[in-house]
Each structure stands twice: as C-alpha cells, then as structure tokens.
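There are 2 protein chains.
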Amino acid sequence: MASILRGNMLIAQSGGPSMVINQSLVGAVLEARKHKEIKGVYGSLHGIKGVLEEKMVDLRKESVATLEAVAATPSSALGSVRKKPTPGECVKIFGIMLKYNIRYFFYIGGNDSAETTHIINEDAKTVNYEFRCFHIPKTIDNDLLENDHTPGFGSAAKFVACAVMGDNLDNRALPGVKIDVVMGRHAGFLTAASALARVYPDDGPHLIYCPERPFSIKRFVADVKRVTDKLGRCVVVVSEGITDADGLPIASKFIRETDSHGNVQLSGSGALGDLLANEIKEQLKISRVRADTFGYLQRSFPSLVSEVDAREARAVGIKAVHCAVSGDTDGSIAIRRKPGIKYQVYLERVPLKNVAKETRSMPATFITKTGNDVTPAFLNYIRPIVGPLPEIGRLQRFKVSRIR
Amino acid sequence: MASILRGNMLIAQSGGPSMVINQSLVGAVLEARKHKEIKGVYGSLHGIKGVLEEKMVDLRKESVATLEAVAATPSSALGSVRKKPTPGECVKIFGIMLKYNIRYFFYIGGNDSAETTHIINEDAKTVNYEFRCFHIPKTIDNDLLENDHTPGFGSAAKFVACAVMGDNLDNRALPGVKIDVVMGRHAGFLTAASALARVYPDDGPHLIYCPERPFSIKRFVADVKRVTDKLGRCVVVVSEGITDADGLPIASKFIRETDSHGNVQLSGSGALGDLLANEIKEQLKISRVRADTFGYLQRSFPSLVSEVDAREARAVGIKAVHCAVSGDTDGSIAIRRKPGIKYQVYLERVPLKNVAKETRSMPATFITKTGNDVTPAFLNYIRPIVGPLPEIGRLQRFKVSRIR
Numbered sequence: 086m087a088s089i090l091r092g093n094m095l096i097a098q099s100g101g102p103s104m105v106i107n108q109s110l111v112g113a114v115l116e117a118r119k120h121k122e123i124k125g126v127y128g129s130l131h132g133i134k135g136v137l138e139e140k141m142v143d144l145r146k147e148s149v150a151t152l153e154a155v156a157a158t159p160s161s162a163l164g165s166v167r168k169k170p171t172p173g174e175c176v177k178i179f180g181i182m183l184k185y186n187i188r189y190f191f192y193i194g195g196n197d198s199a200e201t202t203h204i205i206n207e208d209a210k211t212v213n214y215e216f217r218c219f220h221i222p223k224t225i226d227n228d229l230l231e232n233d234h235t236p237g238f239g240s241a242a243k244f245v246a247c248a249v250m251g252d253n254l255d256n257r258a259l260p261g262v263k264i265d266v267v268m269g270r271h272a273g274f275l276t277a278a279s280a281l282a283r284v285y286p287d288d289g290p291h292l293i294y295c296p297e298r299p300f301s302i303k304r305f306v307a308d309v310k311r312v313t314d315k316l317g318r319c320v321v322v323v324s325e326g327i328t329d330a331d332g333l334p335i336a337s338k339f340i341r342e343t344d345s346h347g348n349v350q351l352s353g354s355g356a357l358g359d360l361l362a363n364e365i366k367e368q369l370k371i372s373r374v375r376a377d378t379f380g381y382l383q384r385s386f387p388s389l390v391s392e393v394d395a396r397e398a399r400a401v402g403i404k405a406v407h408c409a410v411s412g413d414t415d416g417s418i419a420i421r422r423k424p425g426i427k428y429q430v431y432l433e434r435v436p437l438k439n440v441a442k443e444t445r446s447m448p449a450t451f452i453t454k455t456g457n458d459v460t461p462a463f464l465n466y467i468r469p470i471v472g473p474l475p476e477i478g479r480l481q482r483f484k485v486s487r488i489r
Numbered sequence: 086m087a088s089i090l091r092g093n094m095l096i097a098q099s100g101g102p103s104m105v106i107n108q109s110l111v112g113a114v115l116e117a118r119k120h121k122e123i124k125g126v127y128g129s130l131h132g133i134k135g136v137l138e139e140k141m142v143d144l145r146k147e148s149v150a151t152l153e154a155v156a157a158t159p160s161s162a163l164g165s166v167r168k169k170p171t172p173g174e175c176v177k178i179f180g181i182m183l184k185y186n187i188r189y190f191f192y193i194g195g196n197d198s199a200e201t202t203h204i205i206n207e208d209a210k211t212v213n214y215e216f217r218c219f220h221i222p223k224t225i226d227n228d229l230l231e232n233d234h235t236p237g238f239g240s241a242a243k244f245v246a247c248a249v250m251g252d253n254l255d256n257r258a259l260p261g262v263k264i265d266v267v268m269g270r271h272a273g274f275l276t277a278a279s280a281l282a283r284v285y286p287d288d289g290p291h292l293i294y295c296p297e298r299p300f301s302i303k304r305f306v307a308d309v310k311r312v313t314d315k316l317g318r319c320v321v322v323v324s325e326g327i328t329d330a331d332g333l334p335i336a337s338k339f340i341r342e343t344d345s346h347g348n349v350q351l352s353g354s355g356a357l358g359d360l361l362a363n364e365i366k367e368q369l370k371i372s373r374v375r376a377d378t379f380g381y382l383q384r385s386f387p388s389l390v391s392e393v394d395a396r397e398a399r400a401v402g403i404k405a406v407h408c409a410v411s412g413d414t415d416g417s418i419a420i421r422r423k424p425g426i427k428y429q430v431y432l433e434r435v436p437l438k439n440v441a442k443e444t445r446s447m448p449a450t451f452i453t454k455t456g457n458d459v460t461p462a463f464l465n466y467i468r469p470i471v472g473p474l475p476e477i478g479r480l481q482r483f484k485v486s487r488i489r
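If you read the sequences in order, they're chains A and B.
What the first sequence shows, in the numbering used here, is residues 86 to 489, in sequence order.
What the second sequence shows, in the numbering used here, is residues 86 to 489, in sequence order.
If we strip away everything but chain A, and leave its shape as in the complex, we get (with noise of 0.2 Å):
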C-alpha cells in the first residue's frame, strides 16, 4: 500500500463508445468528488490524445443534474480515440501531467484502452512520476480477459437481442432467408446475444455462426437448407468476424482499413451480409433473402441500457476510484460472478497486464458442437445481464375448419 497522494484527477474515455461509458465515468467523478486529496476533478477530451493536446475540462464545474442525464446518454461524453502512444508521447504525457499535478489517472475502455495504461504505467515506472494509475473497463465486445462480462455488453447484448426478435417477427410475416451481421472482431458473445430473441419454439435466430470456429460457405448453404425446408424460412446471425478454415476473414476481401492498433475495420460495411445472402440466393434458388448489418446502432443506441449493465458501468467507476484513493497505485477493475443460481457480482482489482492486449472468446461450452447455434450454458450466462425484454404476444391461429 502507498501513502496518501494529493492532487488532482484526470479521467478520460477511449475506443469504441458503448450505451453505459458515462455511467463509468460518472461514477469515478461523483466518486472523486467525495475525496479531499483528490482537487481538481479534470477531463481529458478524447482520450489520451487530449492530454496530448492539454485539451482538459473541469468536471468538478458539472451540476449532478447534468452529470446523471450524461449518464444515462449513450456514447462516450468526454468523446474517444482509437490510439496507441509512441515512447515519445509517454514523455510528453508525464510532462503535462506533471504541469498539472495529475497524481490520479483513470481510463475507461477495452483492452486496447487497458493496454494503453499499462504503457503509460509502466513508463511512469521508469520516470519516477508517482501517480494512481487505473482502467476502467468497457466494451460491447465482451472480450476483456479477467472478467465475467463487460460493462457495455449487457446493453448492446439488449440491443441485439430486441433488434432479432423484431426481425424474426418479420421474417415470420413474410417469409425467407434473413441473415444479420452482428459485431464482435473475435468474439463471438454480441452475436450469441441473438439467441436471447426466441420465444417461441420456431423462433429465430435459427443459425448463430460466431468467429471462434472457423465458418465454412458449403456447411452455411447447407444449414439454411435445412431450416428453409423445414420452417419455410430461417433467420441467420453472423458475426461480423467469421473466418475460414485459414483463419483468413470471410469479408476481409471488402477491408482495407487498419487503426494504430492493428485493427481491422469490419463494421460499416454490408459487405459481408451481401455475400453470403448472394450464396444462399445463388445455390438454394431462393429469391427472398435479405441481409442486414446492425452497425453502429449497437453501441450507441439510447433508451435501450440493461439496467443491470448500467449499474455495474456506474459501479466499476466508483470501484477505481476507491482503490487509488486507498493506497492501491494501479490495476483495472474486473468484474466477477459468484458460483450459484442467483446472480450475484463482486468487484476486484486486477493487474493492468492482465487486461491489456489480450483478449478472450467464447468458451468452447457455449458453442454447441454443430457450430451453428449456442448452447444453455451461454443462455444461463447471458440472461442476468441482460435483463427482461419485451413481451411478444402471438395469436394461438385456431383453425377455421374447411369447408368441401
């Protein structure tokens, strides 16, 4: 345990927005707004980048008020940024840091943004500069090593999972092939959310394909033909990450983007849904096949939270706030569920390290063998934080007798 450290805060938030991030952030300002060796309560614009920049506001000057409806407002309120810092820019930021008698620093984001504090804390190291260094975890991906699940995920998971039951009932009304492109780079957890969709024993998604095995075209064709001939229609949900056998991205030939960490760019694009509607239309000779890709809409869609998933993003923030002003000097914030039927969570800090760069996927138990569907352990996993979703009434359709 380290001594008291006085001065002041800066928090920040980083890649991919989520519907639950201002919760996190929230959480840590109202949190280090309690504490006297915390001063000044400082944002920084975009993440890193407004260190960078010296582009800080004073999140102290925020009213409640304003602070509980960013809280509830999707997206990221200090706006984001997808980058990595060279060793130069670590300098620099320690330099600003020490300008400004930055002594706390919290970051909200995925391992990206895990990996990111990891360098800024362990080149701290190496300069001498004595702070509190901390990650806050968030991502809709659901694939931050250490955790249960992520705050974001839950929303999202939501968010998927009304946009499939609405689009099953449409594909009911008029029949054939729908396939949804779902995000998830590596993980396949946003797109297995679909399955939460079914209520009624017909119900699709009746073909989940998620990017942990590999995704084969002929195996695909042949899975919609199954469906097709026995309901007359099939909903299929797809990762936007399915690779072959080669490990070679289905929709990669479409990409050229890369971001600074090395990430590929798959969402934004209907590329993918395109092709595999095209294989279906081309080899079943079926004529009403329709591809949708959700995007966007996914991480940013507001009204929509798990509310269980908000609590912990309100939760996770408070969490490292308390830590660095009890002595612990850094980590990230990991959220674990208890063993048993009820669902609880406790918090814990991890190392950095453990969080940054890598990531994990689907555990092989929630993938059923066929590849093509997930299991009712994922199901068990998934609902608590999710939450309850909207009832779906349908007609019991008694048969009008027919008349010779």
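Please note that the accuracy of each hint is not assured.
No distinction is drawn between identical chains; accordingly, a pair holds when it is met within one copy or between any pair of copies.
Quick list of in silico lysine-lysine cross-link-like pairs, DSBU-like style, CA-CA up to 30 Å [stated by the list, open to error]:
no., residue 1, residue 2
1, Lys-140, Lys-370
2, Lys-484, Lys-124
3, Lys-370, Lys-134
4, Lys-310, Lys-184
5, Lys-134, Lys-484
6, Lys-315, Lys-168
7, Lys-366, Lys-168
8, Lys-210, Lys-423
9, Lys-177, Lys-121
10, Lys-169, Lys-484
If you are wondering where the hints come from, they were derived from the structure by calculation, not from laboratory data.
Dock chain B against chain A, hints included.
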C-alpha cells in the same frame, strides 16, 4: 346506406410489417366481437394468399390477453404477403367468400394493399357479391394519399430519430463522416424524421437527403466538405431511394460499377452507403468514413412504439369495423389533422380508389431550398406523431485553463 348485413368477417394483413399494424388488427377484431351482425371473426394467413389457400384462423377464440399482447408486438401477426390478385384469383376469392359466408372484409396495408382491396371490391360489384369491403391504412413510408400521416410511420420515425441520436453521439466521440441510409423509396418522410435527433446546435444529422429532390454526388461531396470544415465531423442521413437528375437510382450506379470490375456481386443492402462513403474518402481524403443501412429494424423493432401511433393504429381498425356495421359498404379510413397548434386528429372514411393508386411524397414546404435539410414546418408536423424522445445529456465542458 346499405341494409344490415349478417355474416362472417375476414381480416388480413398485407405488405411490409410495422410496429403497430397489430394494433389495427386487434382494434378491428375486438370491435367486431361486439357486433351481433358479425358472426365468425376470421383472420386470413398471409393476406389474400390465405384466402386463396383457405388458410384461415378463428379470431373469436383468441383471448383478450393474447390479443392485447399481440397488439403490443411488432410485425403482422397473421403473416403478410406482397400480392396483387389476378382477375381469375378474384373469381376464386368470391367463391371462397361465398362458401365461408364472408360479408365483412378488412385489409390492412399500404397503397398496394388498398389497390388489392379496391380490385376485389370493384370485381365484387360485377358478380353481385354483397359484402363490406374496407382498407385499413398502414405504412412506415407515410405515403398514403388522403392521410395526414399513416399508422406505422410515427413508430418507425421514432426508431430512426433514436438511431440517429445515438449515431450522432458516436460520431461526436469518434469524429469522421457517418452516412446512414433510411427506408423510403419514393417518400422522404422517414429520412426526414432523423431531424428529430437534433438536441444541441451542433448535433447531426447535418445533412438530410430525401428522394423528392435529385441527388448530385458533386453537391453532396461539397456539402460534406463544408460541414466537416466547420465541425470536424458530419452525420448524413440519406434515403435509400435517392436518384440523380435523370431519375436513375444512385444505388444502381454502384451495382453497375462493381459488375464492370467483375469482382463480387453486390445486390444491395449496404451498397448505397458504401458508394457514398467511398466518394467522400476518395474525393475529400477523409480516412474515417462509415456507413450504416438501418434496414428492417426500422419497421419491426420491439418496445419502441410512438404512443400516439399505437393509439391511432388501434383507432383506424375500430373505425373501419364501425363504418362497416353502420352500413357503409366500402372505403379506407384516413387520418386527418385539425388545423391549429394543438395536435388533434379525426378519422374519415374515404373512397378506396383515392388511396389505391398514387402515393404522396414530402410537400415542397418540408424540404429546404438547398435540398439537404428539412424545414421547421416539417418538424412541427412530425413532433406530435413521434412523441417524446430520450433525454440526451451533455457535459458543459468547462475548460481547464492552460498552464504555460
């Protein structure tokens, strides 16, 4: 006024689903169940397809609880169809109606469905088949003649407004150019509804392109440049149906171009957005350009209805039955708005032929002269139809003084 007619009723749904089309169904069914002259209350599965195949269900047997749950559920509970009856099919339809003693016929749908209803009604006269024949309005496109607005539009508009609200926040966090493609081939109402997403002065959508005005890629690029030069970002909402000055769909250019390259065949879902995004990338050298196509989510997303829309959808169903049992022989129900500041509507029976053929588009007074935005008159028109939207919080961003 015709004499009292006793017999069975048949109701069906047709065309694209909406979030409130089941309100109209349930409104009509519950109203019909009150009237003694209507004996059986039947529903045909998948529109007139179900009539031709004699696939009918008994809606008197459905519990009120089931019906109310169905009313609150998006998409057509009886199934839908896109089909115009041939003269031969009309003859067959009357044979089946006679066999089942159908004397009350209600068809819920858009202008194509109104045309089907009109055809059946006109053909009935030639064969002296006595029945009551009504069209009940539904379309998210809001393009039915005679109507101030149509059931289904308000909820779809709410979805689009919410989606663009979130997307604007996303774009503000991670600046760049974002293009959202919205449904509506010929009418721009739904695209225009995105203007409701604006809360703060710099909020997107910054540019809105409806299909009522010819789309020029050159002007579009110049518009985006002007906005990004000013704000450092730009959110564009564009109708899927935009055409060039010669009336050629912009989306079709992309398909041709791709075919001529002999690459992958693209049929559509993301094609228009991708084309526009590429133009911006190439001509303005902006690296972060993304496109999303909202797709079917706009018409079937659960739990996001406009309350006004749901209420009016229920009311048109009730009104149609009320007209039929009151002795009116045929017609469509239109929503009219009373003049004045306070939002008030009334329902009126109008001739089927008035709704059946043509569609309406955005009045010129709803689109700015620049052709890239909507007017305050449009906002006044649409606000009460959509109702309250999520509250969007924003930090005041009090600047921390720079230390030299």
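Let me make sure I understand: some of the numbered hints might not hold for this structure. Which ones are they, in numerical order?
The structure conflicts with hints 4, 8, although it agrees with all the remaining ones.
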